[in-house]
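S.K.: These are the residues of each chain, in order.
There are 2 protein chains.
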Amino acid sequence: MLTIPWSRTSGWGQPKIGPRQDLSFDPLAGVLQYAVTCFEGMKCYKDEQGQLRLFRPNKNFDRLKRSAARVGLPDQWDNAELLDLLSKLLSLEAPIVPAGDGDNLYIRPTLLETSESFGIKEDAFASEALLYVVTSVNLGKGLYASSEGSGLRLDACDKYIRAWPGGTGSYKLGANYGTVSVAKQPGFAMSLWLHTDGKEAFISEAGAMNVWIIKEAKDGFTEFITMSLDNGIVLPGVTRESIITLLNDHASGAKAFPVEGMPKNIRVVERDISMNEIIEGLKDGSLKGMFGCGTGVVVVQIGLIRYQDVEHTIPTNPLIKLLRDTVTAIQRGRVERDDWSYVIPEWDGLAHEHDVDGQKAIA
Amino acid sequence: MLTIPWSRTSGWGQPKIGPRQDLSFDPLAGVLQYAVTCFEGMKCYKDEQGQLRLFRPNKNFDRLKRSAARVGLPDQWDNAELLDLLSKLLSLEAPIVPAGDGDNLYIRPTLLETSESFGIKEDAFASEALLYVVTSVNLGKGLYASSEGSGLRLDACDKYIRAWPGGTGSYKLGANYGTVSVAKQPGFAMSLWLHTDGKEAFISEAGAMNVWIIKEAKDGFTEFITMSLDNGIVLPGVTRESIITLLNDHASGAKAFPVEGMPKNIRVVERDISMNEIIEGLKDGSLKGMFGCGTGVVVVQIGLIRYQDVEHTIPTNPLIKLLRDTVTAIQRGRVERDDWSYVIPEWDGLAHEHDVDGQKAIA
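These protein sequences, in sequence, are chains E and C.
Under this note's numbering, the first residue of the first sequence is numbered 7, with each subsequent residue one higher.
Under this note's numbering, the first residue of the second sequence is numbered 7, with each subsequent residue one higher.
Simulated from the structure, these hints should not be mistaken for laboratory data.
Some clues are possibly wrong.
Claimed, not checked - Partial pick of chain C residues on the chain E-facing surface, computed with a CB cut under 8 Å:
id, residue
1, Pro11
2, Phe31
3, Leu38
4, Thr116
5, Leu179
6, Thr185
7, Tyr348
As the list claims (entries may be wrong) - Pair by pair, the computed Cβ-Cβ distance ranges are:
id, chain 1, residue 1, chain 2, residue 2, range
8, E, Ser234, C, Val275, 35 to 45 Å
9, E, Asp28, C, Asp53, 41 to 51 Å
10, C, Glu352, E, Asp28, 34 to 44 Å
11, E, Thr202, C, Asn282, 43 to 53 Å
12, E, Asp290, C, Leu288, 52 to 62 Å
13, C, Glu247, E, Ala223, 50 to 60 Å
14, E, Glu276, C, Pro324, 48 to 58 Å
15, E, Asp344, C, Gln191, 39 to 49 Å
16, E, Arg277, C, Gln191, 27 to 37 Å
17, C, Ala105, E, Ile102, 57 to 67 Å
18, E, Asp28, C, Ala207, 51 to 61 Å
19, C, Ser30, E, Glu222, 54 to 64 Å
20, C, Asn282, E, Gln314, 49 to 59 Å
Every residue gets a Cβ at the ideal spot worked out from N, C-alpha and C, and that includes glycine.
Generate the whole structure from the sequences, applying the supplied hints.
M.R.: Structure (structure tokens):
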């Protein structure tokens with residue numbers, strides 16, 4: 007566990023790496039009273055050479071800054087320094103990182119307000135905060151594996167609305183998750199979040215994934231369609247962005263898709279997707295598949311949507327597996343793509359540590 | 007400080023009253039990661055006889071149950087038992103409860119998930135939770151006092167949207183507060199939250215208050231208009247409900263307004279209020295005043311709204327002070343109204359306590 011305290015008066019304090027332990031808070035701390043907390047989800051992979059790898063870690067750090075600013079938490083730090091600290095933590099945990107296909111060490115950076123956040127304040131910004139990182143072996147592997155079969159079963163939810171323009175849907179805040187977990191229905195992997203313009207229901211995210219549909223366009227192109235980021239309803243996912251880049255570069259001819267099998271005539275479209283479009287696309291056969299993507303699941307096929315008591319079966323599409331295999335191969339260093347896969351340098355923690363307040367502190 | 011643990015397997019545990027102290031949580035606890043937390047705001051008043059009084063405490067306990075259910079926290083308990091425990095805590099704190107006009111002991115019941123809330127769960131409900139109550143002398147008194155002058159200055163905010171249908175605006179969740187605090191502008195007491203139907207901007211709450219306008223209707227009646235609860239955007243405030251009851255009973259003749267000065271021809275209207283209606287009402291003179299209400303401020307005059315760079319001055323209205331004085335008089339037991347003011351029975355804590363785990367436990 008890595009902890010880094012922050013205070014408005016003295017900035018970031020001494021980082022410490024130590025065993026995972028409980029954290030203590032004032033009963034009126036901002037995180038406890040007003041949900042002043044944000045987080046990230048990252049994964050560490052062990053490659054065939056035994057090296058540890060992270061996937062585009064600076065993307066997560068930048069998003070954490072953006073989330074932090076949204077709830078009045080500190081949003082200024084050097085990503086390179088944070089990456090160095092995280093790398094040291096992961097180096098120490100290397101023995102427990104599994105190396106099998108689908109295996110990973112899930113990483114949860116969390117940033118929250120520890121200061122009292124009560125009553126009338128001069129401004130809305132935290133005076134004290136804590137950034138910490140804990141890890142968990144193989145979180146999300148269950149969902150990843152379930153994509154092997156007929157895909158995830160989703161319950162389209164119009165009772166609870168996850169996000170709306172002017173809200174916080176595009177920020178990775180705890181507040182976006184606890185408030186919608188009650189929607190979970192037995193027999194379904196997760197909820198498919200809907201939002202409406204007053205006339206029609208549109209899809210936004212599924213569980214904590216970005217959602218895509220694959221459609222055959224009238225000009226014969228295969229369209230990969232996902233919700234636009236414009237109205238601030240969906241999270242700007244790192245996997246989402248990476249898939250867009252891979253597909254766009256392939257379509258434009260800038261860089262061929264790194265694994266064979268992606269057709270040439272493809273197109274990425276970022277726009278709203280209505281439930282009606284999905285239902286009509288199933289009827290006329292133009293809907294060729296549907297998937298979710300995110301750090302937890304990487305890429306996972308969506309097999310069924312229950313919407314207003316009707317279960318709609320979504321066709322499988324081999325391009326979904328191709329996308330998953332490709333992103334996975336890049337994450338695990340089997341396929342190279344720019345600087346997306348970051349190899350964690352080896353570090354001998356014991357040679358550098360010194361004891362501060364009973365924990366290992368690192369310079 | 008009162009603490010009562012809960013677990014899914016054994017239900018509510020041993021309540022303890024002890025000195026305020028830090029609380030410890032697993033770094034992956036639901037409250038830290040996913041904002042699984044809700045709270046209440048209550049006030050304890052010391053009356054002229056030195057008795058401690060609460061205002062309609064069961065209303066707060068019922069609302070806490072409703073909030074808890076919304077985020078998967080335990081929502082079953084006996085209000086009478088909780089009132090008894092709270093009364094014991096307040097009895098012990100009696101010496102610090104101030105007795106002056108506007109003075110109070112603010113009470114913050116908080117209920118949050120202490121169990122790990124991480125990864126894929128079978129259902130969305132907490133396995134362990136903690137209910138605790140802390141107090142603070144005179145929270146909100148500053149705002150209460152500021153109503154003596156020209157009223158609060160509000161910044162009408164259309165950048166951040168506090169709540170929306172299908173969201174959590176009508177629940178007292180931490181998640182509703184931390185996500186909008188960044189909207190606070192210097193020189194303004196709080197934000198006036200807006201929401202839109204795509205065409206027009208409507209007001210919802212101001213800061214953490216319910217909002218009212220006073221209008222002269224075409225039939226000569228004085229209308230007290232506040233946002234309806236129907237679309238789930240605003241909090242069902244206890245002060246709001248009490249004012250509605252007082253005014254409706256007066257208008258219907260069921261019970262006269264308990265303090266002299268309220269005209270006979272009044273009407274309560276619960277409906278949306280647009281910014282245009284406010285601006286037009288200021289132009290044609292039909293807008294006769296505006297106020298906020300809530301546990302913190304009781305009733306407070308709104309003096310100015312800045313909206314799209316224009317500052318709109320709102321007229322003062324003596325009925326606002328009448329409402330404030332009336333609610334305050336009921337809260338302090340100077341005026342009786344049904345069972346709204348609850349007198350806390352005296353309790354000799356020392357005679358009943360026994361030591362459990364180093365804290366005072368009460369049977």
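S.K.: For every hint, state whether the structure bears it out.
M.R.: Hint-by-hint comparison with the structure:
1. Pro11: This interface hint is violated because 14 Å lies over the 8 Å limit.
2. Phe31: This interface hint holds because 6 Å falls under the 8 Å limit.
3. Leu38: This interface hint holds because 6 Å falls under the 8 Å limit.
4. Thr116: 7 Å, holds
5. Leu179: 6 Å, holds
6. Thr185: 5 Å, holds
7. Tyr348: Where the cut-off is 8 Å and the nearest Cβ of chain E is about 24 Å from Tyr348(C), the hint is violated.
8. Ser234(E) to Val275(C): 35 to 45 Å: Distance hint for Ser234(E), Val275(C) holds at roughly 40 Å.
9. Asp28(E) to Asp53(C): 41 to 51 Å: Given range 41 to 51 Å: holds, Cβ gap about 42 Å.
10. Glu352(C) to Asp28(E): 34 to 44 Å: 38 Å, holds
11. Thr202(E) to Asn282(C): 43 to 53 Å: 24 Å, violated
12. Asp290(E) to Leu288(C): 52 to 62 Å: 54 Å, holds
13. Glu247(C) to Ala223(E): 50 to 60 Å: Holds, at about 55 Å.
14. Glu276(E) to Pro324(C): 48 to 58 Å: With Cβ atoms ~56 Å apart, the hint holds.
15. Asp344(E) to Gln191(C): 39 to 49 Å: 42 Å, holds
16. Arg277(E) to Gln191(C): 27 to 37 Å: 34 Å, holds
17. Ala105(C) to Ile102(E): 57 to 67 Å: 60 Å, holds
18. Asp28(E) to Ala207(C): 51 to 61 Å: Given a distance of about 45 Å, which is not inside 51 to 61 Å, the answer is violated.
19. Ser30(C) to Glu222(E): 54 to 64 Å: 56 Å, holds
20. Asn282(C) to Gln314(E): 49 to 59 Å: For Gln314(E) against Asn282(C), whose Cβ atoms are near 35 Å apart, the range 49 to 59 Å is violated.
Of the numbered hints stated above, those contradicted by the structure are hints 1, 7, 11, 18, 20, listed in ascending order.
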